[in-house]
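*Asks:* Residues per chain, in single letters:
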Amino acid sequence: MLNTVYWFKRWFLSTNHKDIGTMYFMFSIWSGLMGTGLSIIIRMELAMPGKMLEDGQLYNLVVTAHGLVMIFFLVMPMMIGGFGNWLIPLMLKIPDMAFARMNNLSFWLLMGSMILLLGSTYVDGGAGTGWTIYPPLSSIGYHSGRAVDFLIFSLHAGGVSSILASINFLITTALMRTGVMLILRSSMLSWCLGVTSFLLVVAMPVLAGGLTMLLFDRHFNTTFFDPVGLGDPILFIHLFWFFGHPEVYILILPAFGIISHVVKAGSSKLQLFGKIPMMHAVTSIGFLGFIVWGHHMFTVGMNVDSRAYFSTVTFIIAIPTGVKVFSWIATMAGGYVKNWPMMYWAGGFLFLFTLGGLTGIVLASASLDVVLHDTYYVVAHFHYVLSMGAVFAMFAGFHYWYPLFLGVGMNPLWSKSQFMSMFLGVNTTFFPQHFLGMSGMPRRVQDYPDTMHGFNMLSSWGSILSLMSLFFFLFIVWESLLSKRCLIFPMVRHTESEWHGRGFPRSFHNEAQNPYGMSFEDKTSDKTKVHWGLI
Amino acid sequence: MGRTGYQSLQHSAWPFEISLGVVGLASSIVMLLHGNMGIWIPMWYDEVSGMVIMFYFSIFILMHSIISWWMDMVFEGTFMGDYTSFERLNIRWGFKLFVLSEIFFFFSFFWAWFYSGIGEISVKFVGKWPPVGVKAIYPWRVPFLNLLLLVSSGMFSQASKWAVSCHSKELDTKKSGHYKFAALLSMMVSILLGLLFLWVQSEEYYWCSYTIADGVFGSSFYMLTGFHGMHVMVGLGFLLVCWFRLLWSHFSFRRSFLGLQNAIYYWHFVDVVWIFLFIFVYGWPHKLLTGVWLWTY
Chain A
35 MLNTVYWFKR
45 WFLSTNHKDI
55 GTMYFMFSIW
65 SGLMGTGLSI
75 IIRMELAMPG
85 KMLEDGQLYN
95 LVVTAHGLVM
105 IFFLVMPMMI
115 GGFGNWLIPL
125 MLKIPDMAFA
135 RMNNLSFWLL
145 MGSMILLLGS
155 TYVDGGAGTG
165 WTIYPPLSSI
175 GYHSGRAVDF
185 LIFSLHAGGV
195 SSILASINFL
205 ITTALMRTGV
215 MLILRSSMLS
225 WCLGVTSFLL
235 VVAMPVLAGG
245 LTMLLFDRHF
255 NTTFFDPVGL
265 GDPILFIHLF
275 WFFGHPEVYI
285 LILPAFGIIS
295 HVVKAGSSKL
305 QLFGKIPMMH
315 AVTSIGFLGF
325 IVWGHHMFTV
335 GMNVDSRAYF
345 STVTFIIAIP
355 TGVKVFSWIA
365 TMAGGYVKNW
375 PMMYWAGGFL
385 FLFTLGGLTG
395 IVLASASLDV
405 VLHDTYYVVA
415 HFHYVLSMGA
425 VFAMFAGFHY
435 WYPLFLGVGM
445 NPLWSKSQFM
455 SMFLGVNTTF
465 FPQHFLGMSG
475 MPRRVQDYPD
485 TMHGFNMLSS
495 WGSILSLMSL
505 FFFLFIVWES
515 LLSKRCLIFP
525 MVRHTESEWH
535 GRGFPRSFHN
545 EAQNPYGMSF
555 EDKTSDKTKV
565 HWGLI
Chain B
335 MGRTGYQSLQ
345 HSAWPFEISL
355 GVVGLASSIV
365 MLLHGNMGIW
375 IPMWYDEVSG
385 MVIMFYFSIF
395 ILMHSIISWW
405 MDMVFEGTFM
415 GDYTSFERLN
425 IRWGFKLFVL
435 SEIFFFFSFF
445 WAWFYSGIGE
455 ISVKFVGKWP
465 PVGVKAIYPW
475 RVPFLNLLLL
485 VSSGMFSQAS
495 KWAVSCHSKE
505 LDTKKSGHYK
515 FAALLSMMVS
525 ILLGLLFLWV
535 QSEEYYWCSY
545 TIADGVFGSS
555 FYMLTGFHGM
565 HVMVGLGFLL
575 VCWFRLLWSH
585 FSFRRSFLGL
595 QNAIYYWHFV
605 DVVWIFLFIF
615 VYGWPHKLLT
625 GVWLWTY
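Line by line, the protein sequences give chains A and B. Sequence positions in the first sequence follow my numbering and run 35 to 569. Sequence positions in the second sequence follow my numbering and run 335 to 631.
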């Protein structure tokens, strides 16, 4: 009885950043499996011309749910809730997050958000609107059931969860650093998560406002998006993408942080190449992300000067991104690159994210985008940067820090072969989609002209390979837990502070006294001198 | 608390309870919006009552968990002394970030207001903002009164904070008693002015010639002023709690007056939003500042 009470208290009433991080990992992996299942349904439908699913609404629902689940319930929770919660207090050498209780609220609200989303898919035919939920398709006239309402509330709950978690991260990384930890000495993951959190705090409420307007249009006789009352659907598109573009940077910035750590440790280097320019690059990507939302709207009938502006600023984002990619390559140069699975994933990230970024540059040009908008070229672009950028970074971080979180190791040989098969799988899935897009295949369609069969079939085969690789990955994790090859000592230098310390991290909160032996407000020592602490 | 200087928090049930309340509230609202539960559940009362009961029960769950959380914070801070200067810095800046997120929430509604007001549809095709048939409210009567009410309310709340800052520095108990009375009095005046604002605004709503259903003008107007009113209510609740805590001497300069500070930040935020509302939502349709309304091609 007491054991049950203890279990309930530990897992439902937690204030421990490690337990909450573990819950986020389990939740995001589960959601990732659900999102993968949805993607397999899509690829099964598109494998052959003709309809597999009787109901077009169901297909649209699957497409919508795939996007929402992957973005809001896989990538964000794993990167920010999983890696962020586990690692930030360890990297900053502080006992826990700034608001330990609110941390738990963010997790449980996310769980509630998932329940509401699942509810949305079960009722009244589901929300077949695409993850962008544009009116009038999402208005009461075309989706008169409860599904879109549940979806709106799901996104509201998820938004509050993210905003609170971001406030937590910003306060922790900005204000809880010890005296010697000057802000530019923060780890790259802390910095990237800090910028990500700022983007979330500013952009999420705008989505909340847009969703509230949609809800009121549906039920309370407002006409924000209805021309009958002098409203405009384009207003929703503006509001959505003002949130939506920072959102995609929110998805990729933590990945940049993870890759910085993995590349540095995997190249046996003491320092990341050009860490401070990298930090400034992250900040500028974050800032620029707010002023480019129009590049999602090149075909709505905007002013030509506005289109020119948005194209130009979008091109500029390539510059800080290039700084980062070159810095990562330079970090690897001259180092002893370890033959660890995480480096395979990191190398894959560098190559494939760059490819995805290049197709993004193509789409940034307003004139080219007019032809390519809402085609499979866009789908290929964002799957390269997400499915191969964010997801590869998640795999890399998972393989790097798994022994820290769990104390056991995954079989490296199997992990490397799983990387190979996943690499082949995702590339086979998404590379042909570039050609499909260039030949005009639209997005979110259940069927296509017979001439496009070849590449679609190839893409579907690739998705099966990716699915099998995912199953292989689950097997590898399961085997590591039952074989219990325990970590004896981490072969990571003392510059990686999360690994530092006696043995493994404590179960609940962290050391009572920070190991640098200096007070939190270090007024006496000279802050400009480098202090090596216990190293 | 250990030797870290930060709060070492044990288990807390409130986050889990809040998530239960949120799911229940969202589900019950969706059911109420559609008028049916959508699923057959054996009940001994009718379906409408079932939904309404779930709605009120969810509100109760939420109120219970949120208020318990804040009560826990009062206990941890004022009575257990968990809130060191480090922790108070975190809470103060955390609250400011929350206010930043609220500012961007209002930003989206202001965007809708400006988009509709200077946008293609109203200017190019209809040619007037407010649209034909909508009689905009004259800004220099009731809205201006509301502006004065809120600004003065803000000043009085600030005065109560100053009274607390002086209160504990003063060693003479007779004088410090006067300061406590001053803090209580100015906070009460602040709350009363805020309540007066709400009453005046509700009268304005009642007598207004247009409703939320009157096109995008009515929609954006009531969305903006309505959410502002909700924030005023929340802010007044916060100030009222602070009034009681002032009565019970929870705040002092030497220890902390964090709750009071946060309440006043929130109140100032509400005030600033009203200033923007006054200028752009009441003033602009009446060509308040520029003499001509803004337009673009």
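FYI, nobody ran anything at the bench for these hints, they're computed from the structure. If you're wondering where the values come from, they're calculated on a predicted model, not measured in any experiment. We put the beta carbon where it would ideally sit given N, CA and C, even for glycine. Careful, some of the hints might be misleading.
[Claimed, not checked] The following label-pair restraints were derived from C-beta to C-beta distances:
#1 588(B) to 168(A): 36 to 44 Å
#2 520(A) to 374(B): 50 to 58 Å
#3 391(B) to 481(A): 22 to 30 Å
#4 91(A) to 564(B): 34 to 42 Å
#5 337(A) to 545(B): 32 to 40 Å
#6 495(A) to 394(B): 52 to 60 Å
*Asks:* Of the hints given before, which are not true for this structure?
*Replies:* As far as the earlier hints go, 1, 3 are violated by this structure, in ascending order.
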